[in-house]
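Protein chains in written order, with this note's numbering: chain G, 1 to 108; chain W, 1 to 108; chain F, 1 to 108; chain H, 1 to 108.
Since the hints were derived computationally from the structure, they do not count as laboratory data.
Incorrect hints may have been included.
Using 30 Å as the maximum straight-line C-alpha spacing, the simulated DSBU-like pairs for lysine-lysine come out as follows [said to hold, decoys possible]:
{"#": "1", "chain 1": "F", "residue 1": "Lys42", "chain 2": "W", "residue 2": "Lys61"}
{"#": "2", "chain 1": "H", "residue 1": "Lys61", "chain 2": "F", "residue 2": "Lys61"}
{"#": "3", "chain 1": "H", "residue 1": "Lys42", "chain 2": "F", "residue 2": "Lys61"}
{"#": "4", "chain 1": "W", "residue 1": "Lys61", "chain 2": "G", "residue 2": "Lys61"}
{"#": "5", "chain 1": "F", "residue 1": "Lys42", "chain 2": "F", "residue 2": "Lys61"}
Just so it is clear, the structure is predicted and the values come from calculations on it, not from any experiment.
Protein chains: 4
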Amino acid sequence: MASDAQQACFEAGIKFGALYHQFAGTPVSPDSAASLETAIEKSIENQPFCESVTVDILTEKLDTDHGYTELTGEYMEVEVVVDYEGREVVAEMAMQDGYPLMELASVE
Amino acid sequence: MASDAQQACFEAGIKFGALYHQFAGTPVSPDSAASLETAIEKSIENQPFCESVTVDILTEKLDTDHGYTELTGEYMEVEVVVDYEGREVVAEMAMQDGYPLMELASVE
Amino acid sequence: MASDAQQACFEAGIKFGALYHQFAGTPVSPDSAASLETAIEKSIENQPFCESVTVDILTEKLDTDHGYTELTGEYMEVEVVVDYEGREVVAEMAMQDGYPLMELASVE
Amino acid sequence: MASDAQQACFEAGIKFGALYHQFAGTPVSPDSAASLETAIEKSIENQPFCESVTVDILTEKLDTDHGYTELTGEYMEVEVVVDYEGREVVAEMAMQDGYPLMELASVE
């Protein structure tokens, strides 16, 4: 039987995988980035046990040679907070060595 | 060689397929629907030749038994306007016989 | 600092969220289901720490009124096995009360 | 009222937008590419008026620094054939100037 802390970590992982694979590929430009940040946050916050989602699209890094580009992990930083039966997990995603690394920041 | 009107129709189709398959499956609730409508509109409007996108998420139809549901064609109505070299195409999506039908409304 | 078992649970969650939100919405029919099962399994098995993915698309439940439908949780059962530094997690997804429930089956 | 040729172009566009935005972001490696090509082809061929879909994932171009990468337009070439009431449209996607260009190859 999984512990509440393990369940909280599982739920945090679900949110990250969902967020990334739902929205990767979305056309994004500096002008549209803010609305996309908000929609991603509010969308994933609907999921069970999700306390908060914070998405920062790095507009200064967006390739605008064609006016817009597709959202990938290269262009965003994300923090997700999950609460499962009182156990709180904070997880983060940021680029590391060219790979969008998702990791547990704290389990309390 | 394709005519400008045919190119405009092709571009309108791309926008619809992109919109639908990028955002289908997104968690959505009555509270988060407005931000998602805006993000979808601004995102797809980034694409070439796209004049405007209007998305109406039918919040009264959303299944809220679990607090939220996943976006599908059942829950949205969409209008896309494309302009290709002066030829304007309006295309629409709405449910018909249980299927989210995408169709050309006008080619001018 | 998260334990290895917690990390394993987090990784299992990522695989589930990724799998679901990457492939939800894919057009699927009884004839195309087998190729989609295989592609989903091999795709997600690429992810770090993922030992195996098993996807069963419930072809007999697919709505074929229009020849095909869109993949949702209603139509699939999934098992994911993750190994993180020797800690093995098995997680499963199946429908429960009309909701595609993802849950930890074992943490060892 | 749109002509059959215009409808065929619209339908071809839908297939391209759907294909791209459904599968962009999918984890892919040289080993898993063939199964993904097949699944994409069979999935999109389910859609109305779609005669054939051919997907070539450019495995030699895949970034394998982390064992796999995410599918984007950079890594694939696609041909779609649509038949609408006897009008056949062939459309193609390939990279041009760093942008995955979708274009009409023929309308007959």
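(request) Would you mind confirming whether the straight-line C-alpha gap from Lys42/F to Lys61/W stays at or under 30 Å? (result) Status violated; Cα separation ~36 Å.
(request) Verify the proposed pairing of Lys61/H with Lys61/F, using a straight-line Cα cut of 30 Å. (result) violated, 39 Å
(message) Checking one constraint from the list: CA of Lys42/F to CA of Lys61/F, max 30 Å. Satisfied?
(response) holds, 24 Å
(message) With the threshold set at 30 Å, check whether the alpha-carbon distance from Lys61/W to Lys61/G stays at or below it.
(response) Roughly 39 Å between the alpha carbons, so the hint for Lys61/W and Lys61/G is violated.
(message) Check whether the Cα positions of Lys42/H and Lys61/F lie no farther apart than 30 Å.
(response) holds, 19 Å
Hint compliance for this structure: hints 1, 2 and 4 are not met, and every other hint is.
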